[in-house]
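What follows is each chain in one-letter form.
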Amino acid sequence: MSDIELKVKEIQDSAIEALKNADGLEKLNEIRVSFLGKKGSLTQVLKSMKNVAPEDRPKVGKWVNDARFAIEEKMEETKKKLDAEKMERQLAAEEIDVTLPAKMKFIGHRHPNTIALEEVERIFVGMGYEVIEGPEIEYDDYNFTKLNIPANHPAKDEQDTFYITKDILLRTQTSPVQARVMEQGKLPIRMISPGRVFRSDEVDATHSPSFHQIEGLVVDKNITFADLKGTLDVFAKELFGPETKTKFRPHHFPFTEPSAEVDVSCFKCGGKGCRFCKGSGWIEILGCGMVHPHVLEMCGIDPDVYTGFAFGVGLERIALLKYEIDDMRLLYENDVRFLKQF
Amino acid sequence: MNTSLSWIKRYVPDLNVTAKEYADAMTLSGTKVENYEELDRDLDKIVVGEILTCEDHPNSDHLHVCTVNVGADEPLQIVCGAPNVAAGQKVPVVLVGGRVAGGHDGSKTPGGIEIKAGKLRGVESYGMICSIEELGSTHEMYPESPEYGIYVFPEDTEVGADAIDLLGLHDAVIEYEITSNRVDCYSVIGIAREAAGTFGLKFNMPEIKETGNDEKASDYIDVEVIDKDLCPRFTARVVKNVKIGPSPKWMQRCLASNGIRPINNVVDITNYIMEEYGQPMHSYDYDMIAGHKIIVKRANDGDIFTTLDGQDRHLDHDVIMINDAEKPVGIGGIMGGENSMITDDVKTVLFEAANFNGTNIRLSSKRIGLQTDASQKFDKGLDPNTTILAVNRACELMEEFGAGEVVGGYVDVYDEVKEPGEVVFEPEKINALLGTSFAPEEMIKYFEAVDLKYDAEKNVVIVPTWRQDVLRTCDLAEEVARFSGYDKIPTTLPQGAATAGKLQFDQRVLALARDVAEDCGFNQAYCYSFESPKVFDKLRLDADDVLRKAIEIANPLGEDFSVMRTTSLNGILTSLATNYNRRNKSVRLYEQGNIYIPKALPLKELPDERMQFTFAMYGEGDFFDLKGVVELLLSKMGMDKKAAYKTDVKKNYMHPGRQAQIFYDGVRIGEIGEIHPLVAKTYGIGDRAYVAVIDMPTVYPYASFDRKFSGIAKYPAVSRDISMTVPHKVTAAEIEAILEQRGGKLLESYHLFDIYEGPGIMPGFKSVAYNLTFRHKDKTMEENEIVSAMNKILNGLGSIGATLRQ
Chain V
1 MSDIELKVKE
11 IQDSAIEALK
21 NADGLEKLNE
31 IRVSFLGKKG
41 SLTQVLKSMK
51 NVAPEDRPKV
61 GKWVNDARFA
71 IEEKMEETKK
81 KLDAEKMERQ
91 LAAEEIDVTL
101 PAKMKFIGHR
111 HPNTIALEEV
121 ERIFVGMGYE
131 VIEGPEIEYD
141 DYNFTKLNIP
151 ANHPAKDEQD
161 TFYITKDILL
171 RTQTSPVQAR
181 VMEQGKLPIR
191 MISPGRVFRS
201 DEVDATHSPS
211 FHQIEGLVVD
221 KNITFADLKG
231 TLDVFAKELF
241 GPETKTKFRP
251 HHFPFTEPSA
261 EVDVSCFKCG
271 GKGCRFCKGS
281 GWIEILGCGM
291 VHPHVLEMCG
301 IDPDVYTGFA
311 FGVGLERIAL
321 LKYEIDDMRL
331 LYENDVRFLK
341 QF
Chain X
1 MNTSLSWIKR
11 YVPDLNVTAK
21 EYADAMTLSG
31 TKVENYEELD
41 RDLDKIVVGE
51 ILTCEDHPNS
61 DHLHVCTVNV
71 GADEPLQIVC
81 GAPNVAAGQK
91 VPVVLVGGRV
101 AGGHDGSKTP
111 GGIEIKAGKL
121 RGVESYGMIC
131 SIEELGSTHE
141 MYPESPEYGI
151 YVFPEDTEVG
161 ADAIDLLGLH
171 DAVIEYEITS
181 NRVDCYSVIG
191 IAREAAGTFG
201 LKFNMPEIKE
211 TGNDEKASDY
221 IDVEVIDKDL
231 CPRFTARVVK
241 NVKIGPSPKW
251 MQRCLASNGI
261 RPINNVVDIT
271 NYIMEEYGQP
281 MHSYDYDMIA
291 GHKIIVKRAN
301 DGDIFTTLDG
311 QDRHLDHDVI
321 MINDAEKPVG
331 IGGIMGGENS
341 MITDDVKTVL
351 FEAANFNGTN
361 IRLSSKRIGL
371 QTDASQKFDK
381 GLDPNTTILA
391 VNRACELMEE
401 FGAGEVVGGY
411 VDVYDEVKEP
421 GEVVFEPEKI
431 NALLGTSFAP
441 EEMIKYFEAV
451 DLKYDAEKNV
461 VIVPTWRQDV
471 LRTCDLAEEV
481 ARFSGYDKIP
491 TTLPQGAATA
501 GKLQFDQRVL
511 ALARDVAEDC
521 GFNQAYCYSF
531 ESPKVFDKLR
541 LDADDVLRKA
551 IEIANPLGED
561 FSVMRTTSLN
571 GILTSLATNY
581 NRRNKSVRLY
591 EQGNIYIPKA
601 LPLKELPDER
611 MQFTFAMYGE
621 GDFFDLKGVV
631 ELLLSKMGMD
641 KKAAYKTDVK
651 KNYMHPGRQA
661 QIFYDGVRIG
671 EIGEIHPLVA
681 KTYGIGDRAY
691 VAVIDMPTVY
701 PYASFDRKFS
711 GIAKYPAVSR
721 DISMTVPHKV
731 TAAEIEAILE
741 QRGGKLLESY
751 HLFDIYEGPG
761 IMPGFKSVAY
771 NLTFRHKDKT
781 MEENEIVSAM
791 NKILNGLGSI
801 GATLRQ
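Chains V and X, in that order, give the protein sequences.
51 is the number that my numbering gives to position 51 of the first sequence; each next residue is one higher, with no gaps.
286 is the number that my numbering gives to position 286 of the second sequence; each next residue is one higher, with no gaps.
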């Protein structure tokens, strides 16, 4: 082995040895400069090439290049190792206490009435119902007469109506929208109509002079009472859970015949009877029935061809039940400590 | 409407069910039971005892020590404190381990009070002798009981018998909710008929025995009905040689179970029949009826009449009156007069059972301010064919009770006889409506169970006159449905063509607005639609402000709810104040709700109901935070043009220097501002409060859910800052108008990053700095293009007095 070859080998070995002991990127750089830099020891060998016999030069060149390659390889490997160590140290230093409090963005909350309404809308829109609203200040004619409640009908007294003039009132129910939609004559009809209604009740834990109803109406050929039962059964199960049972009790509304009130099995106790359902296992939630043929006639629909069903449900009643709110006044106070719970 | 279960059983003798079974079944067949009370619920082990001896208690001045035979081997020793206790009496005795309903003061103890053996002042006592109050009733309902003291049975009562049974307390009082279409069910007979139909049992209508001597009622009394529209029928009978006395116990018990106090035989009979048939009656002292003539006619406006409760009643021409030959003797269907009242000395009684126009009774009773048991029956609109049954029943009972001699015949003024109705029987239509497949025979069985007879020859169902609710096929369908049971009807879903379920466009816009508001920290409030007219002063509205032209409710629940709101501000400010009072920090609320703008007052047509989307807040955040919420809302609604904020119109409820009317595309869409400190003070909000109102109907036409991708810029943007001083009064909007107009297409965006007034800036001026972003759509901008664009802008700014700061 020639001297040069030995020297190159020596440089290589000492470089690799130095790299093994390198403990940081700065040190790595120093090593690079001292071996591979312009004045580095390996570069010096090349610079001394002029003293080498021309025929030996390719050989020497190869030794130097091999050594350089070996050093660079080791250097790369060392760098990777050091990088990894550095990253590890940094990550270790950056450890956080993940149990510290979260940073919340304060967003607002929907009113429980609206949440309940959107729930009901979702169910019926899914069944092909259109959501149609009507005026809150309404003609007596639509609120009563067209719903089979003629002048001086006792039902008019029962509803404690707010009047504005003899003919114009604050609607006591969302049912007038039935008449408005049927009058337009576009059949079949599948609609729900949510909205605000008014009755002359003093404010207390279970009453408000202004509250909300959701009216439902289906008019088509071959609509039956069985369809009404099925539809409301689906509705109750969607709203209160798949275990919910419905019970239809005969009742009377002037604009439907036959009519029914619907109870759902208490979703608190499952029907066994508890404080919530006053021990009965059932909770009354809505009124419904087959659209009275005279109502259809008054709206220009032939009851021998078309039949329909209608139902009306109190929005507050659903919200109070579903969210276990014990006082209706909370719904209109708008205390954020209440609203933020929904 | 209440009945006792035992009273129902008088007509449905085979009815053998518990109160709960009865209540459940009746509710499911359409006679809704609201409540029931089992009278013996808290009574247990109470028998008839005979007091053998009664001695003074050695250690008490009011107690007695009794030995009582209760039918057992040995008599019991019982200490009793009642003042009326005496040897020889037959009395109700609670045995040891039995229960009574409450104390002798009438107080009731839920679950009852158990009687134990014990010592009373040193003397042993094995049971208790009871008063009627301890048995859960009252002296009023059991008039034979003493006002204070133990109940005493008649002498011939069997010792050891069930005392609860003898007192008629093995019974339940049922409270019904009768619907307005079932006038017939405001009677015990009507409900009993339903009960028979419900349980499939036989219904026994009372058979009225014929009564009357050889005389003729028409020789006693002459009846003339002048206003037949208000009194379609007037039926009368006469009973002479009347002996007033108590009615029999069974009748007293029936009345007591319905909460009606027994008085005397004549009054009890009329009360009994009013409940039994649902037909109110009136009894007159015949000798007080001048001219022995009854005239039924309208009162005169301004007449005053003294009813039998001693009150003066003011009448008008729409009130129907019963008169004798000289004077009024009763308000028809409502209350009789003091002047013809029955007294204990009555010799001859005239029984009246009339039919009055229900609507007229309802309205009259409202106007007069007098509602009676009778008027509440009449105002439902009764079946005129019941009057004859009622008077005949009264006479039968008078005779049966030995209370008088019934005069033969009756007087009956009844011109337009109401006939039974007919409904064609179309079973296939009934099944089609219900979605069922009942056999016609089964349907007919349900009809006939409640006396709706089927005439096979005419194929019609005959509807008796008491059933005014059965008029067409759907009504028959209801009978089938409720007597077969609603639960027997199948459960299906509507067939037919599919329909697209959807929200309307404006409902979708509102839902989006709710999302934006909530994302910005606003909680949804619900406010009332009506409020007090004082609101307008609270908001400092000018006397002639158009918002004061509010729709008034004719019959409001007090002034606070008397006008329909014309602005959404009061509701939301009231809610802010509620939160402020309750020390809630930093509150943000929004509300969606209508205001009601009349086209003209008084209202001739429906008003304009305008949906307002209202934001309000106090605490964290200022005017510009709220403005940001509004702009985010507009942007999310697809309204990409720049909104303008105009300050030329000032609202008194807002801070004069911190308010603006919001315009979009040249149209006013709402307003925003800080609440005027005086208004905030009035409402009790002790912090700066901000509101913004968006008039949604104006916005809907601009809103859109359509979006189009406009590409992502390919070429680099160039950014330049520009800093200037302008006179203080120059607004950002004025500067920005110039930026937009002069910057042209190349100016992609700008934003204000600094605004300063103070040292270093000349008084009356402010320093304003904008960052401008230029970009060419199709190429990288060249320096000369940028310079030229900047120069244009700078020249323009000069026109509003801006000077560039270096």
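It cannot be assumed that every hint is accurate.
Pairs of lysine to aspartate or glutamate, DMTMM-like flavour, derived with a Cα cap of 25 angstroms [as the list claims (entries may be wrong)]:
| hint | chain 1 | residue 1 | chain 2 | residue 2 |
| --- | --- | --- | --- | --- |
| 1 | V | K245 | X | D487 |
| 2 | V | K105 | X | D515 |
| 3 | X | K502 | V | D220 |
| 4 | X | K366 | V | D160 |
| 5 | X | K534 | V | E202 |
| 6 | V | K166 | X | D648 |
| 7 | V | K103 | X | E620 |
Not close to chain V: a few residues of chain X, all C-beta gaps over 12 angstroms, as computed [said to hold, decoys possible]:
| hint | residue |
| --- | --- |
| 8 | L52 |
| 9 | G112 |
| 10 | E124 |
| 11 | D156 |
| 12 | G369 |
| 13 | A500 |
| 14 | A517 |
| 15 | P556 |
| 16 | T698 |
| 17 | D706 |
| 18 | P716 |
| 19 | S723 |
| 20 | A732 |
| 21 | I761 |
In short, the hints are calculated from the structure, not lab data.
Positions of the beta carbon are idealized from the N, C-alpha and C atoms, including for glycine.
Comparing the hints with the structure gives:
1. Distance check on the hinted pair: K245 of chain V and D487 of chain X sit about 11 angstroms apart at the alpha-carbon level, within 25 angstroms; holds.
2. Distance check on the hinted pair: K105 of chain V and D515 of chain X sit about 15 angstroms apart at the alpha-carbon level, within 25 angstroms; holds.
3. Distance hint between K502 of chain X and D220 of chain V is fulfilled; the C-alpha atoms sit about 18 angstroms from each other, no more than 25 angstroms.
4. Proximity of K366 of chain X to D160 of chain V is assessed by CA-CA distance (about 14 angstroms); at most 25 angstroms being required, the pair is judged to hold.
5. Restraint check for K534 of chain X and E202 of chain V: satisfied, since their Cα atoms lie roughly 20 angstroms apart, inside the 25 angstroms limit.
6. For the hint pairing K166 of chain V with D648 of chain X, the CA-to-CA distance comes to about 42 angstroms; that exceeds 25 angstroms, so the pair is violated.
7. About 17 angstroms separates the Cα atoms of K103 of chain V and E620 of chain X, which keeps this hinted pair within 25 angstroms; it holds.
8. Against chain V, the non-interface label of L52 of chain X holds: every CB pair exceeds 12 angstroms, the least being about 46 angstroms.
9. At roughly 19 angstroms from the closest C-beta of chain V, the C-beta of G112 of chain X stays outside 12 angstroms, upholding its exclusion from the interface.
10. Under the 12 angstroms C-beta cut-off, the non-interface status given to E124 of chain X relative to chain V holds; the minimum distance is some 41 angstroms.
11. No beta-carbon of chain V comes within 12 angstroms of the beta-carbon of D156 of chain X; the shortest separation is about 44 angstroms.
12. A cut-off of 12 angstroms between C-beta atoms confirms that G369 of chain X is not in contact with chain V; the least separation is 15 angstroms.
13. Under the 12 angstroms C-beta cut-off, the non-interface status given to A500 of chain X relative to chain V is violated; the minimum distance is some 7 angstroms.
14. The claim that A517 of chain X is not at the interface with chain V is violated, since a C-beta of that chain comes within 12 angstroms of its own (minimum 6 angstroms).
15. A beta-carbon of chain V comes within 12 angstroms of the beta-carbon of P556 of chain X; the shortest separation is about 7 angstroms.
16. Interface exclusion of T698 of chain X from chain V stands, the closest Cβ pair being 18 angstroms apart, more than 12 angstroms.
17. No beta-carbon of chain V comes within 12 angstroms of the beta-carbon of D706 of chain X; the shortest separation is about 21 angstroms.
18. At the 12 angstroms boundary, the C-beta of P716 of chain X stays outside the reach of chain V, the nearest C-beta of that chain being 33 angstroms off.
19. Residue placement check: S723 of chain X keeps its beta carbon more than 12 angstroms from all beta carbons of chain V (closest about 34 angstroms).
20. Against the 12 angstroms criterion, A732 of chain X stays outside the reach of chain V, whose nearest CB is about 28 angstroms from its own CB.
21. Look at I761 of chain X: its CB is around 37 angstroms from the nearest CB on chain V, clear of 12 angstroms, so calling it non-interface holds up.
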